[in-house]
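Colleague: Residue numbers (the numbering used here), protein chains in the order written: chain A, 1 to 79; chain B, 1 to 113.
Please note that the accuracy of each hint is not assured.
FRET-style restraints, in silico, Cβ to Cβ [to be verified]: (1) B:Q41 to A:P26: 33 to 41 angstroms; (2) A:E64 to B:T55: 29 to 37 angstroms; (3) B:E98 to A:T60: 20 to 28 angstroms; (4) A:K66 to B:T11: 42 to 50 angstroms; (5) A:Q19 to B:N32: 33 to 41 angstroms.
These aren't lab readings, by the way, just hints derived from the structure by calculation. C-beta atoms are modelled at their ideal positions from N, C-alpha and C, and glycine is treated no differently.
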Amino acid sequence: MHSRVNQWTSNVVEQCLSQLAKLGKPFKYIVTCVIMQKNGAGLQTASSCFWDNSTDGSCTVRWENKSMYCIVSVFGLAL
Amino acid sequence: MEEFQTGEETTFVVDEISTIIKESVEGAIGGNAYQHSRVNQWSSNVVEQCLSQLTKLGKPFKYIVTCIIMQKNGAGLQTASSCFWDNSTDGSCTVRWENKSMYCIVSVFGLAL
Numbered sequence: 001m002h003s004r005v006n007q008w009t010s011n012v013v014e015q016c017l018s019q020l021a022k023l024g025k026p027f028k029y030i031v032t033c034v035i036m037q038k039n040g041a042g043l044q045t046a047s048s049c050f051w052d053n054s055t056d057g058s059c060t061v062r063w064e065n066k067s068m069y070c071i072v073s074v075f076g077l078a079l
Numbered sequence: 001m002e003e004f005q006t007g008e009e010t011t012f013v014v015d016e017i018s019t020i021i022k023e024s025v026e027g028a029i030g031g032n033a034y035q036h037s038r039v040n041q042w043s044s045n046v047v048e049q050c051l052s053q054l055t056k057l058g059k060p061f062k063y064i065v066t067c068i069i070m071q072k073n074g075a076g077l078q079t080a081s082s083c084f085w086d087n088s089t090d091g092s093c094t095v096r097w098e099n100k101s102m103y104c105i106v107s108v109f110g111l112a113l
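Okay, chain A solo, but in the shape it has when bound:
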């Protein structure tokens, strides 16, 4: 539902971030969330990072149900 998507994306990133912060690790985090209606449109995402390969990392999860796709990425950068 278009009227609730705004709230949903905010909720997803806030939930993720609060759980990540609770891990108590010495990291900075970036969390991004994309929600797209299943309507036949093509969607392509890419990301590139300039960081410290030995300590930093990212994780992307793709989720879907009958009406929408949700793609969440977390980037963790060591302090």
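We have chain A; now place chain B onto it with these hints.
Modeller: Using the frame of chain A, we list chain B on its own:
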């Protein structure tokens, strides 16, 4: 006595980043219509161009660049991001670009070392 550090050397300057993003997007996909077979290459080009320009700035930052290209087809798209960082030194910049057949959304996150 020379001074190398000024206030601008170590802060995330949104306008500067915004210009870099716009130039990268225009250079990679400006004037093209959405083509499913080429989108993969385009999004890679956009992020690589952005990142190489950002690193040339020579500032003490780590960068994350993300790019979303979506065909104009009536579908709804919502994006959000949340960051756990140092408010005084870190920043982000998001640029939304479009032409007749597609949208391109690029975000740059800069985190001070």
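Colleague: So the hint says 20 to 28 angstroms: do the beta-carbon atoms of E98 (chain B) and T60 (chain A) match that?
Modeller: Distance hint for E98 (chain B), T60 (chain A) holds at roughly 24 angstroms.
Colleague: Given the range 42 to 50 angstroms, decide if the beta-carbon distance of K66 (chain A) to T11 (chain B) lies inside it.
Modeller: With Cβ atoms ~46 angstroms apart, the hint holds.
Colleague: For the hint 33 to 41 angstroms, verify it against the beta carbon of Q41 (chain B) and that of P26 (chain A).
Modeller: The hinted range 33 to 41 angstroms holds for Q41 (chain B) and P26 (chain A), with Cβ atoms some 37 angstroms apart.
Colleague: Is the gap between the beta carbons of Q19 (chain A) and N32 (chain B) within 33 to 41 angstroms?
Modeller: Holds, since Q19 (chain A) and N32 (chain B) (Cβ atoms, about 40 angstroms apart) stay within the stated range.
Colleague: Is the distance from the Cβ of E64 (chain A) to the Cβ of T55 (chain B) consistent with 29 to 37 angstroms?
Modeller: holds (35 angstroms)
When each numbered hint is compared with the structure, no violation occurs for any of them.
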